[in-house]
Amino acid sequence: MPHPPPLRPGAPRPPGPSPAGRDLLLETTERGLYCAAGDFYVDPWMPVDRAVITHAHGDHAHHGSDRYLCSTDGARVLATRLGPGASIEGIDYGTDVSINGVRVSLHPAGHILGSAQIRVEHRGEVWVVSGDYKTEPDRTCRPFEPVRCHTFVTESTFGLPIYRWSPQRDVFAEIAAWWAANAAAGRASVLFAYALGKAQRVLAGVLGSESGPIFTHGAVERLNRDYRRDGVALPATSYAGSEPRGRDWAGSLIVAPPSAAGSAWLRKFAPLSTAFASGWMRIRGARRRRSLDRGFALSDHVDWPSLLASIAATGAERVLVTHGYREPVVRWLLEHGIEAHAVASRWEGEPEGEPAGETDAHEGTSAGGEMETPEEET
Amino acid sequence: MRRFARLFAQLDETTRTNEKVDAMARYFAEADPADAAWAVHFLAGGRPKRLLPARRLAEWAMAEADVPEWLFEESYHAVGDLAEAISLLLPDVVEGSDRPLREWIEDRLLALSGASEETQRAAVIAAWRELGGVERFVWNKLITGGFRVGVSSQLVVRALARATGIEEGVIAHRLTGAWEPTPDAFRALAARDVADADISRPYPFFLAHPLEADLETLGSAGEWQVEWKWDGIRAQLVRRRGQTFLWTRGEELVTDRYPEIAEAAALLPDGTVLDGELMPWRDGKPLPFAQLQRRIGRKSLGAKMLAEVPVVLVVYDLLELGGVDLRGEPMSGRRARLEELLATGPLRARFVVSPLVTGDDWSAVRNAYTGARDRSAEGLMLKRRDSAYGVGRRRGPWWKWKVQPYTADAVMVYAQAGHGRRASLHTDYTFAVWDEGTLVPFAKAYSGLTDEEIRRLDAWIRRNTIEKFGPVRSVRAEQVFELAFEGIQASPRHKSGIAVRFPRILRWRTDKKPEDADTIDTLRALMEAR
Numbered sequence: 001m002p003h004p005p006p007l008r009p010g011a012p013r014p015p016g017p018s019p020a021g022r023d024l025l026l027e028t029t030e031r032g033l034y035c036a037a038g039d040f041y042v043d044p045w046m047p048v049d050r051a052v053i054t055h056a057h058g059d060h061a062h063h064g065s066d067r068y069l070c071s072t073d074g075a076r077v078l079a080t081r082l083g084p085g086a087s088i089e090g091i092d093y094g095t096d097v098s099i100n101g102v103r104v105s106l107h108p109a110g111h112i113l114g115s116a117q118i119r120v121e122h123r124g125e126v127w128v129v130s131g132d133y134k135t136e137p138d139r140t141c142r143p144f145e146p147v148r149c150h151t152f153v154t155e156s157t158f159g160l161p162i163y164r165w166s167p168q169r170d171v172f173a174e175i176a177a178w179w180a181a182n183a184a185a186g187r188a189s190v191l192f193a194y195a196l197g198k199a200q201r202v203l204a205g206v207l208g209s210e211s212g213p214i215f216t217h218g219a220v221e222r223l224n225r226d227y228r229r230d231g232v233a234l235p236a237t238s239y240a241g242s243e244p245r246g247r248d249w250a251g252s253l254i255v256a257p258p259s260a261a262g263s264a265w266l267r268k269f270a271p272l273s274t275a276f277a278s279g280w281m282r283i284r285g286a287r288r289r290r291s292l293d294r295g296f297a298l299s300d301h302v303d304w305p306s307l308l309a310s311i312a313a314t315g316a317e318r319v320l321v322t323h324g325y326r327e328p329v330v331r332w333l334l335e336h337g338i339e340a341h342a343v344a345s346r347w348e349g350e351p352e353g354e355p356a357g358e359t360d361a362h363e364g365t366s367a368g369g370e371m372e373t374p375e376e377e378t
Numbered sequence: 379m380r381r382f383a384r385l386f387a388q389l390d391e392t393t394r395t396n397e398k399v400d401a402m403a404r405y406f407a408e409a410d411p412a413d414a415a416w417a418v419h420f421l422a423g424g425r426p427k428r429l430l431p432a433r434r435l436a437e438w439a440m441a442e443a444d445v446p447e448w449l450f451e452e453s454y455h456a457v458g459d460l461a462e463a464i465s466l467l468l469p470d471v472v473e474g475s476d477r478p479l480r481e482w483i484e485d486r487l488l489a490l491s492g493a494s495e496e497t498q499r500a501a502v503i504a505a506w507r508e509l510g511g512v513e514r515f516v517w518n519k520l521i522t523g524g525f526r527v528g529v530s531s532q533l534v535v536r537a538l539a540r541a542t543g544i545e546e547g548v549i550a551h552r553l554t555g556a557w558e559p560t561p562d563a564f565r566a567l568a569a570r571d572v573a574d575a576d577i578s579r580p581y582p583f584f585l586a587h588p589l590e591a592d593l594e595t596l597g598s599a600g601e602w603q604v605e606w607k608w609d610g611i612r613a614q615l616v617r618r619r620g621q622t623f624l625w626t627r628g629e630e631l632v633t634d635r636y637p638e639i640a641e642a643a644a645l646l647p648d649g650t651v652l653d654g655e656l657m658p659w660r661d662g663k664p665l666p667f668a669q670l671q672r673r674i675g676r677k678s679l680g681a682k683m684l685a686e687v688p689v690v691l692v693v694y695d696l697l698e699l700g701g702v703d704l705r706g707e708p709m710s711g712r713r714a715r716l717e718e719l720l721a722t723g724p725l726r727a728r729f730v731v732s733p734l735v736t737g738d739d740w741s742a743v744r745n746a747y748t749g750a751r752d753r754s755a756e757g758l759m760l761k762r763r764d765s766a767y768g769v770g771r772r773r774g775p776w777w778k779w780k781v782q783p784y785t786a787d788a789v790m791v792y793a794q795a796g797h798g799r800r801a802s803l804h805t806d807y808t809f810a811v812w813d814e815g816t817l818v819p820f821a822k823a824y825s826g827l828t829d830e831e832i833r834r835l836d837a838w839i840r841r842n843t844i845e846k847f848g849p850v851r852s853v854r855a856e857q858v859f860e861l862a863f864e865g866i867q868a869s870p871r872h873k874s875g876i877a878v879r880f881p882r883i884l885r886w887r888t889d890k891k892p893e894d895a896d897t898i899d900t901l902r903a904l905m906e907a908r
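Chains as they are written, first to last, in the numbering used here: chain A, 1 to 378; chain B, 379 to 908.
Keep in mind that a hint or two might mislead.
Stated by the list, open to error - With the C-beta cut set under 7 angstroms, the calculated list includes, among others, these residues of chain A facing chain B:
{"hint": "1", "residue": "Leu160"}
{"hint": "2", "residue": "Ile162"}
{"hint": "3", "residue": "Ala176"}
{"hint": "4", "residue": "Arg187"}
{"hint": "5", "residue": "Met281"}
{"hint": "6", "residue": "Asp293"}
In case anyone wonders, no lab produced these hints; they're calculated from the structure.
Just so we're clear, the structure is a prediction, and the values are computed from it rather than from any experiment.
From the three backbone atoms N, C-alpha and C, an ideal C-beta is built for every residue, glycine too.
Looking at chain A on its own, in the form it has when it is part of the complex (with noise of 0.2 angstroms):
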């Protein structure tokens, strides 16, 4: 038997099923979901000429395109991550642009700052791209705002019945509780968080419930800088690697990257404690196999019941799913009576592979060159 063909390294994977029937406003192809009536991509994993970006996480905004649209409240993030030369124009949420003669606007997600739902209308049929959303409120970006249309394509990150958030003002009493039960103990709180979004709403959770300074990893502090900037009111942070060596660091609370887990950057806060805030950590297997002392489930994604309020709040005659379950969710929208379909992505988002867009550089290839490896802080 002969060998099947390799797969070159990093190949897409191909389209699944086609929404059949009417024209498609938006296809997917190769380089990512397309508008062949505007000649532009939604989030490209590919360069290209024109994209139009949701949100800045390196799996929604690759590099090495030529032309980038994002929203206002985006722009300074999405410029951080894909560094100096990008050519980014920022439009306010709700104004209308046209591109080729397709009008194109953006609409809050909720998801993290500057991060948008993109609303896609030609002929007098209406696409919303959601990108990744939430609709709990979050203190560091404008709240998801439900948006009418035909074609209303969705995420699925945590689309699972079992992924149900609790309060997030629980979660952050969780966390301020953890830390201060550390400080009393003499540790270090370790806390892993996304370098974008998620560390920043983490830091504006616990303020005013401070047990101590907090300190910040490389990539996490650039971030906060530019929410700073952008009027985003987060507690005093320091970057860690500016302080002195030798620094006592017990009751301090330090946040990081996931990818810092297990590196030789951590020994030095050490007695510490080790925590990760991600709707992930709803699974006690999940933290578990991290070796992570606690799991706080927070999530910048929609859970089960606010994914399908959302499908159901837009109206839409289709549902098309990406990112994530998207054959539980398909299947589930299909025995509701609603059509629905998986659309293939560049990133497999299931569970625990590498969570897309939770995530800060997929195998490797971290966009933008967000990431500083914490060898390299040291």
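The hints should help you fit chain B onto chain A, whose structure is shown.
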């Protein structure tokens, strides 16, 4: 129940032994003895008899959570644990109750046993509506008999010692045998009079370090006693004041698991302690370890099992004789006394003095090492003739020299998601070798990769899946791994015609292409070379 669930959460949240022990000690000191008794029971690994089939539990949960079966299955696969999946799917509890653990166990849980299905259903659903969060998870774990907290019974003993101020050895002894989780039994654990525990106490085991240097660096071969290294269960037999205690290295008291050993031990003089290896043994030769595993797996030992898998103690050492601690004497002296003690016929049937590898020089030892596998030994033990029986694992006086495993390069063809802490990551792999251009699966392996490699491989698997069969995926035949295994045997039950023992991953050979993997003929040659 709330306090016990909090203890569970504390134990689950830390990997630090000392914090676990502290958390348990605090619980034992504060809890009502009736609750603490049950806590000891479950923490030390006790579990209720099978109360109801898991399937039934799943059906009730689907109805209660209003989730169709297929979605329940998807959820279960994502979580990897039935008790947890159910507790996550059920609606949140608005106002829970706080009944004591004793009441939950004795009045609610044990009452499920033998009740009608309808009664069971009503009771379980009532519990689900009363218990929130961690409590519901713990309850589900208890009724499915899968309650595990990552503490050994040894840690429970240490925590009880810390809480009561009684010595660990005494607590361990008091907990052995048929300990009933009653308030009186819990209070008795803390009793001051400690005379009861002394006679059972074993000595700490002395352990060997792996040999890393050349034999020649050890000096003259004549200074060393060389024995086969057996693959059984290391154990100490204690015979004092007319009573027998058989302890494993895990300090588990297993006297009643080996009635033939206990019976023969009655012939030993009082005040004798032997160190050896429990081995399945017939006609002067070891049986495969798998045979012993069959026996270990049994709840009760029938006459048939005892006849099929007879066990002996291969005795390495004599630690106490006539009530005198001999550990300070040289190995050679202890060995001579051991041979004398076990010279008589009836004792020799069950107590086999560990055979020596004889020879005057290192080349003889090296030859024995090469032939170790033919004797079903896993290598050699080297002990200085003048060595005392020490404590713990130390370099110098004793060395173990294990045979190298077999290895082969194989291609991954299937992957499956793991369970528990590996749920929803693909961690169980099937490997194949070439047979005239076709890949024939021959081994499954679960371990050997780092967490980072597992995650990377998982991402690769998701992108290179050919087909899904439930939780199993067939993947593109591209990834090559170097596997190690201990034994290899012809097996008509396997498609490849070959069965390997203890297969594990040595290395992910990213430098190799699938066509570089080994062939079935290479494996057959290993088998014939034995």
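* Against the structure, test the hints numbered earlier, and report the numbers of the ones violated in rising order. => Violated hints: 3, 4 and 5; rest satisfied.
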